[in-house]
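There are 2 protein chains.
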Amino acid sequence: MGTLKRLGVFDSGLGGLTVLNEICKYNTGLDVVYFGDTARVPYGSRTVETITRYAEQDVRFLLSQGVEAILIACGTVSTNCLPALTKSFSLPIVGVIDAGCQAALRSSRTKRIGVIGTRATINSRAYEHRIRELCPDAQTWGVECPLFVPLIENGFAPDDPITELTVDRYLSQFKGAGVDTIIMGCTHYPFLAKTLQNHMPDVSFINVGKALSYGLKEQFDLPRTQTPNRVSYFVSDEDTGFLDIARRYLDAVQADNVQKVNIDQF
Amino acid sequence: MGTLKRLGVFDSGLGGLTVLNEICKYNTGLDVVYFGDTARVPYGSRTVETITRYAEQDVRFLLSQGVEAILIACGTVSTNCLPALTKSFSLPIVGVIDAGCQAALRSSRTKRIGVIGTRATINSRAYEHRIRELCPDAQTWGVECPLFVPLIENGFAPDDPITELTVDRYLSQFKGAGVDTIIMGCTHYPFLAKTLQNHMPDVSFINVGKALSYGLKEQFDLPRTQTPNRVSYFVSDEDTGFLDIARRYLDAVQADNVQKVNIDQF
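Heads up: the protein sequence lines correspond to chains B and C, in order.
Each residue of the first sequence is one higher than the one before, counting from 17 in the numbering used here.
Each residue of the second sequence is one higher than the one before, counting from 17 in the numbering used here.
Hint data in this document are derived by calculation from the structure and do not stem from the laboratory.
In this text, all values refer to a predicted model and were calculated from it rather than measured experimentally.
Don't take each hint at face value.
Since the list gives no way to pick out one identical chain from another, each pair is judged satisfied if it fits inside one copy or across any two copies.
The list that follows gives simulated cross-link-like pairs (lysine to any residue, SDA-like), each with its CA atoms no further than 25 Å apart [said to hold, decoys possible]:
#1 276 <-> 135
#2 21 <-> 242
#3 210 <-> 276
#4 191 <-> 267
#5 191 <-> 171
#6 191 <-> 178
#7 41 <-> 152
#8 276 <-> 69
#9 103 <-> 145
#10 191 <-> 170
#11 191 <-> 236
#12 276 <-> 139
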């Protein structure tokens, strides 16, 4: 394949915008189609069978938009469906697990590594398996944090006492584990990065989108032009608030001109 | 129409089981088909167009099961889609608004009435309009509580400090309104009834499912046999935890033998 002309990026909703934001920060000349499945968000509390069916429809929509490669900007899909998607489709598809695990192992001194994510992500143990493939001596702890996505999507600020109490509840499960690095295994979680960091100041929190965007040039033959990135935004349900939050927190993406798609048809 | 042979009941997820529980408590000889759209829950943060499309599919599935009448055990669908559903389908369809408003007006001395619900329910103002139709002098206050459904579905106990803090946050918006009655406009909320009551001990909280079940005999020609109710359960995604919670809190329904349906096909 020659230079990548068009890249597809998708997420269960709009958390994947944190990934897109990192990609746009570190690259130029990209032509990106972003799809957020806002009519069926969240994926993380559903069964693997349902998540896979939804992800296949998401990929088929992106194919209809002429993308040549796909980046899964969703922790739940990356951890539960990557083998199935790679089997069903012939174009290159990349998830966030590998980059996230590599970054965590680079960051960790003790090789005691935590993972936070949705229920489906933690149940898959995909981050943990990959870490041990890369470093058999590493020890891992997974903690599911099912309330983080609803908190973020419903506009609770990172320093809201309810957010703080929820962060405290989930992170306290790492007590005694002695982790020095925690992978934010869901692409929504960077919205909570400061709060997480305040609760565990000595721990490095890994933003999987950032990790992925660093190495994107190794995965794909990216354009070498300096023209600004061009992004088309599609969602399966119209904006009901979260897009405003995304615009407030993200600096490298616009999230304007959002078009609606009936994803059931794909 | 003669005696109702088969009643369909549906909800965005499993909150509607609180309604089914009340119906089964006060009636006998019923043959009920329950459908919970667990593959697409929650509805309350989506647009009216998407909610209506989902609700139409839910009704078509119940029709395929031979139901003769339908009860919408979902605040969001009742408040946003009842006219559209009544127009699209010829069988009798009943929502929770009317019974909820009648019960609130019976309960309220001051006719200062609050409504709590999902974002879509509160935006619709459907409860508030119906209350003023029934009692033009009544005053109403609507407060959206988008975190309640995720808290309940993710197993946060009613007395969990995070639940308590969230209840306090939302109910504090009624400060100064002087309401003596609040309609729980979402069928999930009875799971939080005790916590809500503790935070506002002088207020009557209306369970719309209970209100509806009292008057069901007036709406439908129900069977007069004393045989136990028979319920078939269907969901669009398999149980991922909430069903256990439902079984723990509900006394009149079993929620066993749950079958899975691909709702996209309807």
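Cα distance capped at 25 Å. Does residue 191 pair with residue 236 within a copy, between copies, both, or neither?
Answer is neither; intra-copy 40 Å and inter-copy 57 Å both fail.
field: Same-copy or cross-copy closeness of residue 191 to residue 178 [CA-CA at most 25 Å]
entry: both (21 Å within a copy, 20 Å between copies)
(Q) One pair to classify: residue 21 and residue 242, alpha carbons no more than 25 Å apart. Within, between, both, or neither? (A) within (14 Å within a copy, 69 Å between copies)
> Given a CA cutoff of 25 Å, do residue 276 and residue 135 count as a within-copy pair, a between-copy pair, both, or neither?
Replying inline: Only across copies: residue 276 and residue 135 sit 20 Å apart there, 28 Å inside one copy, limit 25 Å.
When no copy is named, should residue 191 and residue 171 be tagged within, between, both, or neither for a Cα gap of at most 25 Å? Classified as between: cross-chain Cα gap 22 Å, same-chain 28 Å, threshold 25 Å.
For residue 191 vs residue 170, is the C-alpha pair at or below 25 Å within one copy, between two copies, both, or neither? Between copies, since 22 Å is at most 25 Å while 28 Å is not.
Within a copy, between copies, both or neither: where do residue 276 and residue 139 come within 25 Å Cα-Cα? Cα proximity of residue 276 and residue 139: across copies only (21 Å, versus 32 Å in one copy).
### Homo-oligomer pair classification [residue 152, residue 41; C-alpha up to 25 Å]
Cα proximity of residue 41 and residue 152: none, with 33 Å in one copy and 57 Å across.
(Q) One pair to classify: residue 210 and residue 276, alpha carbons no more than 25 Å apart. Within, between, both, or neither? (A) neither (32 Å within a copy, 41 Å between copies)
At most 25 Å between CA atoms: does that hold for residue 103 and residue 145 within a copy, between copies, both, or neither? within (20 Å within a copy, 53 Å between copies)
- Task: Pop the pair residue 191 and residue 267 into one bin, within, between, both or neither, using alpha-carbon distances up to 25 Å.
- Result: neither (34 Å within a copy, 38 Å between copies)
| said: When Cα atoms must be at most 25 Å apart, do residue 276 and residue 69 count as within-copy, between-copy, both, or neither? | reply: both (20 Å within a copy, 14 Å between copies)
This entry does not satisfy hints 3, 4, 7, 11, going by the numbered hints stated previously.
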